[in-house]
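Working from the sequences, and respecting the hints, build out all of it.
Anchor point for the sequence shown: position 99 equals 99 in the working numbering, and the numbering is continuous, going up by one each time.
Everything labelled a hint here was simulated from the structure, so no lab data went into it.
The beta carbon of each residue, even a glycine, is placed where N, CA and C say it ideally should be.
Wrong hints could be hidden among the right ones.
Each pair of labels, with its calculated beta carbon distance range [to be verified]:
1) 36 - 79: 31 to 37 Å
2) 103 - 62: 38 to 44 Å
3) 36 - 76: 38 to 44 Å
4) 72 - 104: 41 to 47 Å
5) 26 - 74: 45 to 51 Å
6) 100 - 57: 36 to 42 Å
7) 87 - 59: 32 to 38 Å
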Amino acid sequence: MKLEEGFLFSAAKAPVTAAFGLNDVQFGWVLSAFALIFVLLALSMFGLYDLRLPHAVNLHLTRASQRLPGGHYGGVVVMGALSAAIVSPCIAAPLAAALLYIGQSNDVWLGGGALLAMSLGMGRSEEHTSELQSRETIS
Numbered sequence: 001m002k003l004e005e006g007f008l009f010s011a012a013k014a015p016v017t018a019a020f021g022l023n024d025v026q027f028g029w030v031l032s033a034f035a036l037i038f039v040l041l042a043l044s045m046f047g048l049y050d051l052r053l054p055h056a057v058n059l060h061l062t063r064a065s066q067r068l069p070g071g072h073y074g075g076v077v078v079m080g081a082l083s084a085a086i087v088s089p090c091i092a093a094p095l096a097a098a099l100l101y102i103g104q105s106n107d108v109w110l111g112g113g114a115l116l117a118m119s120l121g122m123g124r125s126e127e128h129t130s131e132l133q134s135r136e137t138i139s
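As structure tokens, this is what we get:
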């Protein structure tokens, strides 16, 4: 294992180790617990149940967002910062993987095509999400 790979593995392992007080996270019960959490969250994505914020928190966030001035630079900066904070963890890993692959292959056209395909897929998923939300508000 290279030094960089060992460092990345240690950085990913550290929060889990600290949270559970374990020296090794490869115990069967730890892996099973995380697998169960992922399965339960996946069932929400299939529509078995809705995972929502508590009403009080949702109401507070809605009121705070309505107080932001529209068309002013401050409001735009706040909304952009919130958007970046929400989206960054979701896109960082696939984007890093794509960029690393492009850097290793030295093929500009393949890299551009891969990034284009990734961006089109992301845009399509946002369209699909907004379409589903508009259907929910109608019914």
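Against the structure, the hints:
Under the hint 31 to 37 Å, the C-beta atoms of residue 36 and residue 79, about 36 Å apart, fit the expected range. The supplied range of 38 to 44 Å is met by residue 103 and residue 62, whose beta-carbon atoms lie about 43 Å from each other. For residue 36 paired with residue 76, a C-beta distance near 41 Å keeps the hint of 38 to 44 Å intact. Taking the beta carbon of each, residue 72 and residue 104 are about 44 Å apart, inside 41 to 47 Å as hinted.
Distance hint check for residue 26 and residue 74: the Cβ-Cβ separation is about 48 Å, which falls inside the suggested range of 45 to 51 Å. A hinted range of 36 to 42 Å holds for the C-beta pair residue 100 and residue 57, which are about 37 Å apart. Under the hint 32 to 38 Å, the C-beta atoms of residue 87 and residue 59, about 24 Å apart, miss the expected range.
In terms of the numbered hints stated before, the structure departs from hint 7 and from no other.
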